[in-house]
Amino acid sequence: MAVTRFCIRSYPQDLKVFPSPAARISLVWLLLFLLGLPFFSGKYITFVAAVCGVSVISALGLNILTGYTGLISLGHAAFMGIGAYTAAALANKAGFPFLAALPLAGLLAAATGAVVGIPTLRLRGLYLVVTTLAFEFIVEHIIYHWESMTQSDRGISLPTPDLFGYTLDTYESFYYVVLVLAVATALFTKNLAMSRTGRALVAIRDRDIAAEIIGVHLAKYKILAFVVSSFIAGIAGALYAYLLGLISPDHFTFNQSVLYIAMIIVGGMGTVMGSIIGAVFMVLLPEVINAISSPIASAYPILSPRIGAVSVIVYGLVIILFLLFEPNGLYGIWIRIKRYWKPWPFTY
Amino acid sequence: MGFEILLQLTVTGLAWGSVYACIALGFVLIFKSTDIFNFAQPELMMLGAYMAFALITLFKLPFIVGFIFALVMMAAIAALLEMMVVRPMVGEPVLSVIMVTLGLANVLRGLTGLVWGYEEQQFPSPFPDDPIMLFGAAINQAEIYTIVATAMLLTIFFLFFKYSSSGISMRATAEDAKTAFLMGINVKQVFTASWAIAALVATIAGVFLASFTFLEPIMGHTGLKALPAMILGGLDSVVGAIIGGLIIGVVENLAGFYLEDYLGSGINDIAAYVIVLIVMMVRPYGLFGTKEIERV
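Chains as they are written, first to last, in the working numbering: chain A, 1 to 348; chain B, 349 to 644.
You may find that some hints are simply not true.
A few chain A residues facing chain B, derived, Cβ under 10 Å [said to hold, decoys possible]: (1) Leu104; (2) Leu107; (3) Ala111; (4) Leu123; (5) Arg124; (6) Tyr127; (7) Val129; (8) Thr131; (9) Phe135; (10) Phe137; (11) His141; (12) Ile261; (13) Val310; (14) Phe322; (15) Leu324.
Since the hints were derived computationally from the structure, they do not count as laboratory data.
Cβ atoms here follow ideal geometry from the backbone N, Cα and C, with glycine treated the same way.
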C-alpha cells in the first residue's frame, strides 16, 4: 500500500499560512469545536472561554513586541488598562456604542505605545525592562488615583454592548465577538510575521546592529512594533472590560503583565500557535487549581485562606519548570511529538 | 518650622533610601558576577524579614541571635536556589532569565503567604520607640540606626571587595567570567557566593524595613523600588546602586510631602518610577553605568 505523505516541496509552499492540508483540516475542526462550544457547555465555561479569547488576543499582541521584535515589555497590562478604561469612559460617560468605543480604545493605547516607544529606542535589554516596568506602575497609579474618571477601586461599570442592533447581553453572544476578533488577530499576526515587516522585526530581535546594516530602519520598526502591540492590547483590554462589565485597577497590575509574558513563554516565544496555546493554558491553570482545591477547602475550612498561596506557588513553579526543562514551550513539545510520529512506522 | 520638616523628611528618606540601596546592592552583585537580573531579590528581603521574625517571636531567641540565624539561613537558601534554579539559566536569553527569577519570586511570595498568612504583623523592633530631637525635628531612632548600619555595611563590603582574596575573585569574575575561570578562580563558587551575599544584604534590608514599617508579604512591592534605584545608578555600578537608592528614598519622601497637594496622594509610591523614566530619556545607561560597546 502506497503511503502518500505530505511534504514541503517548494518555497512558495513553505511560505503558505497553512502549509499542509492536514493543518487546514485540523484547524477547521478546531473552529467548528469553538463555534459549537456555547451549545454544549455551561455558562461558566463559556465565560472562561471568552476570557481565554481575550488573553489570546492580548498575548498575540505581546508576542509581536517581545516574541518577534525582542523588546521585552513588563507594561503590557498597562496598555490593556488604557484600552479598558478608554472604552469604559467612552461608553459610560459619553454613551459611545460598542463599535465606536472598541477601535478608539485600541487607538489611544496605540498612541500611548508610540509615546512610550520613542524614548525606549535608545534603551537596551534590562534598562528597557525597568523602563516599561516604570510605565506600568505609573499607569497603575493614574488609574487608581484619577477618581473622577476611573472611580478608583470601586470600579467602573460598562453598559451592555450593542452590535448591529443586537444586544450582546449574554456571555454566549459576547463569546462569538471575542472568537471572531481572536481569529482575526491570529491571522493578522501570522501574516505580519511572514511579511517583509515581520522579517524586519525578527532581524531586529536577532541582532539589531546587523539588521540596521542590511537596511532595516530600526526606529521605524521598533515603534511600529510598539504601536501594533499596544493597539492589540488596547482592543483586548476593551473587550475584557465589556466582558466583565465592571473593571477595577486590580485587573491591570504588574502581576498581570508578568502573566502575559508567562503566556508567551509557556506557549513558545515568537510563534502564533505558541501564544494561543500559552494564553489558554495560563487562563485554565488557576481554574484547574481552583477546581481541585475548592473541595479540599470546603472540607477543611482552616485551609481556605491559604489556597490562594498554593495557586501563586504553582503558577511560579510552572514558569520555572518550563524555562528549565522546556524552553520552547508547549508548542515545542507539540512539534517534537509531531516529528517523532512523522516517519512512523519506520524509525528513519 | 519648614526646616524641621525638611530635616525630618530627609532623614526618613535616607533611611528608606538605605533600604533600597541594600536591595539594589544585592541586584548589582548578582548581575555583575552572573549576568542574571534577579527579580526575586525583593522577595529574598521579605523572606529574610519573616525568617528573623519567626526565629525571634516563635523560638523566643534574643533579637541579635535570631537575626544572625536568619542571616545564615537566608544565605544557605539563596545558595541552594542559585544551584538548583538559576545556574542552568546562565547564558540564556535575558527574558528567560528574568522570567525564571519572576517565577521564583512568585514561589517565595506564595510560600511566605502559605506559612505566615497575608495579614500585617508587628515586627519586634529592637530600637527604642521614642523619637530623638535633632535641631527641633523629631526623628525615629530606627531610621537613624538603619542609616548608620547601612553605612557600616557598605564600608565592610567595600573593604571586602577591595582587599580580601574572595572579594577580588568576585570582581574578576564580574569583569570576565571566562578569563577568571582560566586564571584558576572557582567561578561556580563565586556565583553561589554572590547569591549568598545578596541574600545577606537583602535580609538586613528586610529587617530594618520591617522595624520601621510592618511585616507583610506585600513588602516585596516596596522592595521592587530598588529596581529604579539600581537602574538610576547604572546596572553594573555598586556606587551607583547606593547613590540611586538614597536619591530615590529622599526624593519620594520629599515629593510625598510637598507635591501631594498638586499631584494627589500616593505620589510617593511612583516618584521612583517617574525619576527613572526621566533619567532614562537623558542617560540611557544610568548615572554611573558603563556604556556597552557592541561589536558586530
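(message) For a quick check of understanding: which of the numbered hints are violated here, in increasing order?
(response) Hints 1, 2 and 3 are the ones this structure does not satisfy, whereas the remaining hints hold.
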